[in-house]
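Q: So you can see what is in the structure, the chains are spelled out below.
Number of protein chains: 2
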Amino acid sequence: MSLIVCKFGGTSVASPERIRNVAKRLIRRKQEGHQVVAVVSAMGKTTDELVGLAAAVNPNPPTREMDRLLSTGEQVSMSLLAMAIEARGYSAMSFTGRQAGIVTDNTHNKAKIVSVDSKRILDALDAGYIPVVAGFQGIDANGDITTLGRGGSDTTAVAVAWGINADVCEIYSDVDGVYSADPRVCPHARKLDEISYDDMLEMSAAGSGVLQMRAVEFARKFNVVIHSRSAFSDAEGTYVKEGCDMMEEAVITGIAHDTSEVKVTVRGVPDATGVAAKVFSALAGNAVNTDMIIQNISDEGFTDISFTCPAGDLARAKETLSRVVPEIKAREVDIDESIAKVSLVGTGMKSTPGVAARAFTTLGEAGINILAISTSPIRLSVVVDAGQAAEAVRQLHTAFGLDSEDVFEETQLSAEEIAAKMNKGR
Amino acid sequence: MSLIVCKFGGTSVASPERIRNVAKRLIRRKQEGHQVVAVVSAMGKTTDELVGLAAAVNPNPPTREMDRLLSTGEQVSMSLLAMAIEARGYSAMSFTGRQAGIVTDNTHNKAKIVSVDSKRILDALDAGYIPVVAGFQGIDANGDITTLGRGGSDTTAVAVAWGINADVCEIYSDVDGVYSADPRVCPHARKLDEISYDDMLEMSAAGSGVLQMRAVEFARKFNVVIHSRSAFSDAEGTYVKEGCDMMEEAVITGIAHDTSEVKVTVRGVPDATGVAAKVFSALAGNAVNTDMIIQNISDEGFTDISFTCPAGDLARAKETLSRVVPEIKAREVDIDESIAKVSLVGTGMKSTPGVAARAFTTLGEAGINILAISTSPIRLSVVVDAGQAAEAVRQLHTAFGLDSEDVFEETQLSAEEIAAKMNKGR
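Protein sequences appear in the order of chains G and L. Residue numbering for the first sequence is 1 to 426, as defined by the working numbering. Residue numbering for the second sequence is 1 to 426, as defined by the working numbering.
One chain only, chain G, in its complex shape (with noise of 0.2 Å):
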């Protein structure tokens, strides 16, 4: 017998058909022997819902008050679920951040757990109940209701099955785990039985939405196994966990790509000390999280400056540059929302020389132009134009020996579905 943490995300419960659904699963996970505790975000859209109506009343919402009307989302879920379990005939018991003990800072809206009490979870299990927790929340020490922000349904699994000591924190969602690329851009991609912590940062890191890096982090850091899997079918997913158990570790564990981000260009820089730290300076001072910077060879005494960042920051990007721009006295500012990133992620990579050139070669040779490039010791990420992103993973995919026997037969995505798919909530 194992004791065992399920999460289940707000697609799994946005109606009351998908929560029964639920219900049966964590009682099937019962029967066979296991002690079970789930965590539940909130149904469907309701998060967006509750932050639409408090933008109604007020543009800039305080907080507190934000944080406590998000949280009923979770609250709603938690005792549907409790309910439904109950009407399948078992015991359950409905959980607050608060009462399955979460403690957190003070932040509202983005709080970082600081402690984890499960005394009460734990004396639920023991006297046959199934908890029910709601995820995303916590208190703070005056008592406060924070929430966690974004990924912070699956940071609150992981947290509770590190308080009860879970041999495993299952999190459910509509994909069936981690694999070696998107299947919907690249047919040839496998299931990996397997992943470690630091490639699947990664992989999160560079867009591969399965797992939120939150969790994930918090997972390495107090050393509990995540059990990435699919909501809708009994398949064993991904095991996210220290080391690996290969004999041979592979160079490349995946391929994430990223359609999220957009490519900002200041043209006729005068090329002085101080003009670039004078933009990016700027740009952090406004919020905008620059990721790849990339600045051209200096002709005449003018270069050309660029930056890749989150399209949702491009609005704020724009308005900064346009105070920076006359001010360095640079020329025109380009943008190009239609790019890609495309990643190589793998552990094996710190140990083996020529990726980086196997890579380039790959993508020159199927004419896909690299717009910018940036590296880590487990990472290497090329930016490419949209439309060509995957058929750069594809060829990459092959390149790198990871293509399954196994053709994916589900239909191929459109760069903006794709994009689409990549920016969902927590």
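FYI, nobody ran anything at the bench for these hints, they're computed from the structure. There is no bait here: all hints are sound.
Listed next, the stretches of chain G that the computed footprint assigns to chain L, with coverage defined by at least 3 CB atoms under 8 Å from CB atoms of chain L:
1) 52-62
2) 74-88
Covered stretches of chain L (chain G as the covering partner; in silico rule of three or more C-beta atoms under 8 Å from a C-beta of chain G):
3) 16-23
4) 46-57
5) 75-82
Quick reminder that beta carbons are idealized off the backbone N, C-alpha and C, glycines included.
Given the coordinates of chain G, assemble chain L onto it according to the supplied hints.
A: Frame of chain G; chain L shown alone:
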């Protein structure tokens, strides 16, 4: 400067725009020099929607989880109202039932208040905040969330008013006070400047939907002055308080009517000892709230027994009688769903003989047939055909000298519309 509680119902907070209006109203009260505490219901139909979701996952949801689910409705409106107040530059702080110190027994779904500790609200007032309290909810001794059932938010408001020793508890709604009769059926109805607790309770019990009986009972017990007034105008409403400032008490305070009951007649009942007891014990055992009971004089050993009950209890009444009628060898059951109860209410009635005679004469001369009669020391109720209810109210209103010289221009409602209006929620 006075200390006031302002309670706003679901209709008053049904949309962001209305919530902004409530915020303006509260701020105006504060600008007038008052200390203000708000109490709110859930937005519009929220509670009904949550009940529907629960029913969809569990036809018989556990009451503890039901309370946890329903309490989210008021948590949403309290946060939004606090945000709306802050948007106008005033400080506000929301309070759940727990934080407002509303402690109840553990009868989930219809908990009774056992104590009120308003220290946190008083502290917030001292610190310059407008406290916004979630109505309808409390916690039991175990710290579990409870809800107060029908009339809960009005009761919260009165309890908070008592807890902070407020000068008055203002209950805002879509009517501008208590009237001598429903102005929609009686164009000469007068708004009462004040009414005693006793008269108000009888009016409420007799179908006047302005205030919830339970809140009035609480107010009477702890001597809290209620001011029932319009959410949409600044006009003074009706004060509900002990005694009456008038030199001479009116015989009749007002005329209430109620179209939410049905009449059930069991025909051909053998006139034997214990038969009526058998019928009404069975009905009580099946949670049918019988109101008025009439038994005809026996005719050749058989009699008819009639009673009225809420329309919502009719299905249970039919089911009960289908078992009892064969057992007592009665002939048949007749249902009349088209009835109305019209009640004269007034503490002055106690000391004035002849009220019943005048009422019966008035109705008789107007050709209105009386189907049943019941009385209390300060109330006289008659059951009439629903189609004649409005005429009965108008005739009695004139006969007992209640007519105002002003005439209401408002469209008169049909019996169905009145019935719908009467059955409104908490």
